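Colleague: With chain F's structure known, arrange chain G on it following the hints.
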Amino acid sequence: MNEPILELRGVNKSFGPVHVLHDVDLTVRPGEVTALVGDNGAGKSTLVKAIAGIHGTDSGEVLFNGKPVHIHNPREAAALGIEVVYQDLALADNLDIVQNMFLGRERVKNGLLDEASMELDARKTLASLSVRTVKSVRTPVSSLSGGQRQTVAIAKAVLWNSKVVLLDEPTAALGVAQTRQVLDLVRRLAEQGLGVVLISHNMNDVFEVADRIAVLYLGRLAADVATKDVTNNQVVELITAGRSGELGLARPEVAAV
Amino acid sequence: MTETPIKPSDPDSSAIADFGIDTTSRSTSEAVGDYFRRLRGGELGAVPALLGLLLLVIVFTSLSDSFLTLNNIANLFAQGGGQTIIAMGIVPVLLLGEIDLSAGTASGVAASVLALHLTQHGNLLGAMGTTVFYGFVLGAVIAIALCVWMRIWIGAALSAIALLILLIGFAANPWVEILLAITIGTVIGSLTGALVSKIGIPSFVVTLALFIAWYGVVLALVGEGGTIPIRDSKVLFDVANGNLGIIASWVLFIVAGGGYAIVVLFRHFSRLRNGLVAQPTTLIAIKVGAVVVLGAVATYLFTINRSPNPALTTIEGIPWVVPIILVLLIVGTFVLDRTRYGRHVYAVGGNKEAARRAGVKVDKIRMSVFVICSSIAAIGAIVYSSKVGSVDGNAGNGNTLLFAVGAAVIGGTSLFGGRGRMRDAVIGGLVLATVQNGLGLLGYQADTVNIITGLVLLVAAAVDALSRRRAAAAR
Numbered sequence: 001m002n003e004p005i006l007e008l009r010g011v012n013k014s015f016g017p018v019h020v021l022h023d024v025d026l027t028v029r030p031g032e033v034t035a036l037v038g039d040n041g042a043g044k045s046t047l048v049k050a051i052a053g054i055h056g057t058d059s060g061e062v063l064f065n066g067k068p069v070h071i072h073n074p075r076e077a078a079a080l081g082i083e084v085v086y087q088d089l090a091l092a093d094n095l096d097i098v099q100n101m102f103l104g105r106e107r108v109k110n111g112l113l114d115e116a117s118m119e120l121d122a123r124k125t126l127a128s129l130s131v132r133t134v135k136s137v138r139t140p141v142s143s144l145s146g147g148q149r150q151t152v153a154i155a156k157a158v159l160w161n162s163k164v165v166l167l168d169e170p171t172a173a174l175g176v177a178q179t180r181q182v183l184d185l186v187r188r189l190a191e192q193g194l195g196v197v198l199i200s201h202n203m204n205d206v207f208e209v210a211d212r213i214a215v216l217y218l219g220r221l222a223a224d225v226a227t228k229d230v231t232n233n234q235v236v237e238l239i240t241a242g243r244s245g246e247l248g249l250a251r252p253e254v255a256a257v
Numbered sequence: 001m002t003e004t005p006i007k008p009s010d011p012d013s014s015a016i017a018d019f020g021i022d023t024t025s026r027s028t029s030e031a032v033g034d035y036f037r038r039l040r041g042g043e044l045g046a047v048p049a050l051l052g053l054l055l056l057v058i059v060f061t062s063l064s065d066s067f068l069t070l071n072n073i074a075n076l077f078a079q080g081g082g083q084t085i086i087a088m089g090i091v092p093v094l095l096l097g098e099i100d101l102s103a104g105t106a107s108g109v110a111a112s113v114l115a116l117h118l119t120q121h122g123n124l125l126g127a128m129g130t131t132v133f134y135g136f137v138l139g140a141v142i143a144i145a146l147c148v149w150m151r152i153w154i155g156a157a158l159s160a161i162a163l164l165i166l167l168i169g170f171a172a173n174p175w176v177e178i179l180l181a182i183t184i185g186t187v188i189g190s191l192t193g194a195l196v197s198k199i200g201i202p203s204f205v206v207t208l209a210l211f212i213a214w215y216g217v218v219l220a221l222v223g224e225g226g227t228i229p230i231r232d233s234k235v236l237f238d239v240a241n242g243n244l245g246i247i248a249s250w251v252l253f254i255v256a257g258g259g260y261a262i263v264v265l266f267r268h269f270s271r272l273r274n275g276l277v278a279q280p281t282t283l284i285a286i287k288v289g290a291v292v293v294l295g296a297v298a299t300y301l302f303t304i305n306r307s308p309n310p311a312l313t314t315i316e317g318i319p320w321v322v323p324i325i326l327v328l329l330i331v332g333t334f335v336l337d338r339t340r341y342g343r344h345v346y347a348v349g350g351n352k353e354a355a356r357r358a359g360v361k362v363d364k365i366r367m368s369v370f371v372i373c374s375s376i377a378a379i380g381a382i383v384y385s386s387k388v389g390s391v392d393g394n395a396g397n398g399n400t401l402l403f404a405v406g407a408a409v410i411g412g413t414s415l416f417g418g419r420g421r422m423r424d425a426v427i428g429g430l431v432l433a434t435v436q437n438g439l440g441l442l443g444y445q446a447d448t449v450n451i452i453t454g455l456v457l458l459v460a461a462a463v464d465a466l467s468r469r470r471a472a473a474a475r
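Protein sequences appear in the order of chains F and G.
The numbers in the working numbering rise by one with no breaks, and the one at position 159 of the first sequence is 159.
The numbers in the working numbering rise by one with no breaks, and the one at position 300 of the second sequence is 300.
Chain F extracted, bound-state conformation:
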């Protein structure tokens, strides 16, 4: 098994009196898709935001490439090579694909935007991901379909040579064919050697693309198992009850503080 690229150890996070994350451990390995599942309010989004540097953590350790790091803001996360593709798609509608992919990291030559090199690299990246549904990289994002938008957001992560990509519900609002495209893309990311974290509610998606499944239950990591070792039902039980047979959290009376 290859070395983890990103490792969380005993991460805690509270919002005021609400303890959202309890001693969460999470391991992301390059070339693997780790699915992060859990019911609403289990702390998935908080965990992602903690990794992305949007929320700080209260305690616990984050190791990147084996070295402890402290991520205070999205810029630092991006500098490490951690890219988050948000559920609500952080794209600006009025800009085109190239402009969105380079947003915040525009290339400048002689004080002016270097459109030529940005356009060529955006196109190369999309081509390397075998994205063929987009006609022109100068299409405004407002005229793209949901799947195409998702593709652009994900391609952005590849463009920046990210090591870890966190995808927050990438297929939530998509139709069947578009979901297909995005899942293929997720697989391709892993094949290119990236560590991929996929947050999803859809068990079909999870079982199709994930190598490992991490289940959050009420802010605790209930299980972190290889996909081939579990069944759909077991994962659903883990999500809803926090345990399934031998898997999962200890009995509630022990776990209670």
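For the record, the hints were derived by calculation from the structure and aren't laboratory data.
Take these hints with a grain of salt, some might be off.
Said to hold, decoys possible - If we take Cβ atoms under 10 Å as the criterion, some of the chain G residues that face chain F in the derived model are: (1) Ala256; (2) Arg267; (3) Asp337; (4) Ala355; (5) Gly443.
As the list claims (entries may be wrong) - Quick list of in silico lysine to aspartate or glutamate cross-link-like pairs, EDC-like style, CA-CA up to 20 Å: (6) G:Lys198 / G:Glu353; (7) F:Lys109 / G:Asp337; (8) F:Lys163 / F:Asp121; (9) G:Lys352 / F:Glu106; (10) G:Lys352 / F:Asp88; (11) F:Lys49 / G:Glu353; (12) G:Lys352 / G:Asp238; (13) F:Lys163 / F:Glu76; (14) G:Lys364 / F:Glu106; (15) G:Lys361 / F:Glu106; (16) G:Lys361 / F:Glu76; (17) F:Lys135 / G:Glu30; (18) F:Lys135 / G:Asp34.
Since we're looking at a predicted model, the values are computed, not measured.
Just so it is clear, CB atoms sit at the ideal spot from N, CA and C, and this is done for glycine as well.
Modeller: For chain G alone, coordinates are given in the frame of chain F:
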């Protein structure tokens, strides 16, 4: 369908071939067809405003003999210059989906300070009275601090110049006064911007409050019912009433027209060379040719003596207002289209949260557009004060601001943010100036002029809303 990713050793060309439409430049007919498709899809841009302008010109020409005369057209530019420039200042604010209601009266403050500096020979302390003067000094100091804090260095530098001119008390000199007016605008914009972006008060409320407050300051400076003449200064009077010489007019044409042609063609061929998305060369050539020919014709017409009484006086040359607006238009367009700052302005206007997550300093951008707005509005104030030849208590009050916002919207800038260009303000400003000038020539009074202007604005806003709906439906 899962394919192995393309290996790095693959030649780029094969990867790029997937985007056939990007690399092969389209034929002219395809490009034209695509353009009309986009028009139908709701991306109207400046087209409705230009059509409206054409319609207005035809109507007024047929109704009034004196409308389409050289003298009147030159006059129309000077009349509309002030509000057009303020409109250009407002464009970046509108791009963020914000509004600056105070730009009008803020420009009035700049104009009043300019006029006082001129007539009181630079002794602003004596002219303003201690309280008001130290109020300005304090404002400038705060503005410098805010700009430094937000790292808006140009704003800090201009505010510092305002502070210097206030404190040192230079002798009256039109250029010092122009600089003072612009930098006072910067100071005001910094305060507005900080209130909006750092304190987080909605821009509508901040600028509504400041709109009222600055009107009070103008009254305090000018005196109730007072009028300060500025026509004694030749430079200040010529801003809106003077013309370039014949030679200077042609030089302007060569510099502006030639510069435009060189920049557009150079960019086009460098795009073609790099295999980027490019318009057909024929189309570019037609566009450049049209601009250059129109520019030449306009320059030629402006160099004809257009005096109503050619025997007695000579009026010839391009009005000064034209190069002033041209410079602002070029610089503004350049900053918005070709710099990282401009890109971030559009990004924040399109999706603030996306821009924030991408690492754009949203607060800084939000503050900076107000700094730009008020600074440019001050230039507008110099033009409209110059046109009248004096500054009075109503400088920048009343409809000034609303006409400016109207001009930007008529030109195609969206009030919802993210969509708009500098040239929108110029086209919209021309439409409004044409309405006002034409109706004036036909002998209509303020009542009709205002009703018609309001209706024109309403039509423009309706076109904007409908085209947005259409664009959303086309998705």
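Colleague: Just to be careful: measuring from the Cβ of G:Ala256 to every Cβ in chain F, is the smallest value less than 10 Å?
Modeller: 20 Å, violated
Colleague: Does the nearest C-beta of chain F fall within a distance shorter than 10 Å of the C-beta of G:Gly443?
Modeller: It is violated, given that the least Cβ distance between G:Gly443 and chain F is near 44 Å, above 10 Å.
Colleague: Verify the proposed pairing of F:Lys163 with F:Asp121, using a straight-line Cα cut of 20 Å.
Modeller: Answer holds: F:Lys163 to F:Asp121 is near 18 Å, not above 20 Å.
Colleague: Does the structure keep G:Lys361 and F:Glu106 at a Cα separation of 20 Å or less?
Modeller: 14 Å, holds
Colleague: Does the alpha-carbon distance linking G:Lys198 and G:Glu353 stay inside the 20 Å limit?
Modeller: 16 Å, holds
Colleague: Does G:Glu353 lie within 20 Å of F:Lys49 when you go C-alpha to C-alpha?
Modeller: 14 Å, holds
Colleague: If you take the shortest Cβ to Cβ gap from G:Ala355 to chain F, is it below 10 Å?
Modeller: Nearest chain F Cβ about 7 Å off; hint holds.
Colleague: Verify the proposed pairing of G:Lys352 with G:Asp238, using a straight-line Cα cut of 20 Å.
Modeller: 43 Å, violated
Colleague: Mind checking the alpha carbons of G:Lys352 and F:Glu106 for me, to see if they're no more than 20 Å apart?
Modeller: This hinted pair holds, its Cα atoms lying about 17 Å apart.
Colleague: For a C-alpha distance cap of 20 Å, please report whether F:Lys135 and G:Asp34 respect it.
Modeller: The hint holds at about 13 Å.
Colleague: Has the given pair, G:Lys352 with F:Asp88, been kept, meaning a C-alpha gap of at most 20 Å?
Modeller: Roughly 13 Å between the alpha carbons, so the hint for G:Lys352 and F:Asp88 holds.
Colleague: Would you check the hint for G:Lys364 and F:Glu106, treating anything up to 20 Å between C-alpha atoms as holding?
Modeller: 17 Å, holds
The earlier numbered hints that this structure contradicts are 1, 5 and 12.
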